[in-house]
Amino acid sequence: MKYFGGLLVLAYAALHSLGYDRFPDDERGDVPESVRMGPGGVLSWHDGFMGGK
Amino acid sequence: MRAGQCPSCGAPVEFLPGAGKVKVCEHCSTVVLRGAANLEALGKVAELTETGSPLKLHLSGRYSGNPFTVAGRIQKQNAAGTWDEWCLAFDDGRTGWLSESEGEWNFMTPLEGVELPDVARLEPLSGFSLRERRFVVEEKNRATTLAAEGQLPDFHREHLYVDATGPKGIFCSLDSADGVTEAYVGSRVTLDQLGFSKGELSPRTRKETLTGARCTQCNGMLDLKAPDAAKRVACPYCGALLEVQSGKLAFLQLLEKPPHEPAVPLGATGTLFGTEWTVLAFLIRSCTVDGNRYPWDEYLLWNRQAGFRWLMCSNGHFSFLTPVPAGEVALGGLDARTCSFEGTSYKAYQTVFTRTDFVLGECYWSVSEGETARATEFIAPPKDLNLDLTDTEVTFTKGELVPPEEIAKAFRLPKPLDPPRGIAPSMVNPFLEKASSAWSWFGIWSAALLACVVAFAVIGSRAELFRGSFSVAPGVAPSSPESQRFSEPFEIPKTVPLEVEVGSPDLDNGWEGVSVDLVNMGTGEVVEVYAENSYYHGVDDGESWSEGSRSDSKQTAEVDKGQYVLRVTPHFDPGRPTDYLVTVRADDGPGFCCPFTLFLFLLLVPIFYQVRSSGFETERWADSVFQGSPGGFSSGDSDDDDDDSDDSSDSDD
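Those sequence lines, one after another, are chains A and B.
Under this note's numbering, the letters of the first sequence match residues 1 to 53, in that order.
Under this note's numbering, the letters of the second sequence match residues 1 to 653, in that order.
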């Protein structure tokens, strides 16, 4: 327990520093290149992702 | 009258000053009482039995600076054997008594001017006080005076006596004869302390002949190791129980042979706790509980200087037992479930009625097959304290577990002893210390974890990066491109996890979900989350209720710094859209799930050891039993009498 507990606390500090200490709800992707380069840019993007729905 | 003639034989009898009013005639063994005017004969005594005592009449010594002379000797006997008591006449007129018990010398002086308890009402283990000192009765018995010599303060053919011990090594003897009780108080001494000249002490020769003695029944060589102390010998060849009488062996009865050989052979010598011990006797004792017989082995160990000890073996667990004075044990009565000794509190583990089933070897008491006792074991792992009670005697022994390997090594046994089975009552719970340590470290590391959480909360950012309200145009279909909205661009100044909160303040008995897409204007990366609010309320049977929430928040992993726009897409029941509010915040605080999960992991270790510890104790106490009568069964709650005082029981007080 002496070392196990210390290891856990160190692991937590490390995970937090690396940003791995959470359980995120997000999904990731990219706006199609054609949309980005097109007229209106990303503001003309109406398809593709829809918030996981 | 200082001198006169023996009323029986006419031989001259001279009384020394201060040494008592009774003298045994050296010529005819008549006990002569010095009266005011004449000498009176109190009858004759038998010839002295040769006990091998190193003392003799007229020896001079000194105790605490006071010189004395050995003035007289009486030889007493009870069912257990014969012993000497020596009368010491001090030069200042006082009298003292010196007696030998199991190789140790006790010096006592009369205690006068105190109210004495009624000896007839005292029993072994009962207590009484003399001059604010507490004594516990160890033995109550009747003694007969067989023989005497020299000059004595008084003389009784038969008397009732009580031997009791008190704290700090003091003891007391109450002698009651002819309706008169006298008290003697003293302590253990050595002959060196009494200032005897070693050259004047007689060598112990009494039972040297017994060293080569043979069994009277089978003529087998007995090879006695402690002939001076032996009172009974059980022949290892034929099982004959022999009594030691006046340096000779007399057949008593034929004993049944033990069902197994002693694991440590008779006569073996071994060093335990820094002293070399010789195995004198092997006994098998047992108790019967609920119809089942539970036997165990006992070995009587002996060392000339240290005296007697016991080695008990039960289920392969060896326990080294050392006698302790009853007066030093604070016991709240015979049925008390706690006691204390040397500052340690002990808990009663079991009370059983024991029976001596088999005997081999030589014993210092008048052992017999079938002798019974009431035995109570108190435990305070790794120690135990044992109380053995008979009709006439109580003995306490403190025990200490010794690993079988150590026994085998000490006595140089040719093959290893059987490994112990189960849990010994006084065995240390190996998980208790681990559980205690684990709980301590759990506290330390939980505090460290909490400190980390607080530190991360303090240094972490919760800055609001975007806040915007969105509305849905009437008639727009849910989830359609027409319902989508884009925010104004906003800046995320550093790479950081985000919290996205969606609020629907006007939601009423409905639901609304919002897909939130964070679009990095520079890289085109999309980070999307979906938050859904549902809120219902009403009144049922006159009671209002509500469920759900008008807001929901989601977390993201780290999001790169840069310029972002939000694309939001609402989802709702057709025809029931509401305005909604989206807030984006930095969220690089400690969070909740991760530290809480680690906290649970920390908790696992002490809980594991705690469960194992409890299991160990459950198994230990499963065999605890408290018998009310021989062969009976009563499983007791060991907490029944936890309020026992630390005083000895005594109905006579």
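If you are wondering where the hints come from, they were derived from the structure by calculation, not from laboratory data.
These numbers were taken from a predicted model, which means no experiment stands behind them.
We put the CB at the ideal spot given by N, CA and C, even for glycine.
You may find that some hints are simply not true.
[As the list claims (entries may be wrong)] Which bits of chain A does chain B cover? Going by a derived footprint, with three or more residues having C-beta under 8 angstroms, they are: (1) 4-11; (2) 19-31; (3) 36-45.
Q) Are at least 3 residues of the region 4-11 of chain A within less than 8 angstroms of chain B when you compare beta carbons? A) Answer holds; 6 residues pass the 8 angstroms Cβ test.
(Q) Is the coverage entry for the region 36-45 of chain A by chain B consistent with the three-residue Cβ rule at 8 angstroms? (A) Coverage by chain B holds for the region 36-45 of chain A (5 residues, Cβ < 8 angstroms).
Q.
When I compare C-beta atoms, does the region 19-31 of chain A have three or more residues closer than 8 angstroms to chain B?
A. Contact hint for the region 19-31 of chain A vs chain B: holds, 12 residues under 8 angstroms.
Checked against the numbered hints listed earlier, the structure breaks none of them; every hint is satisfied.
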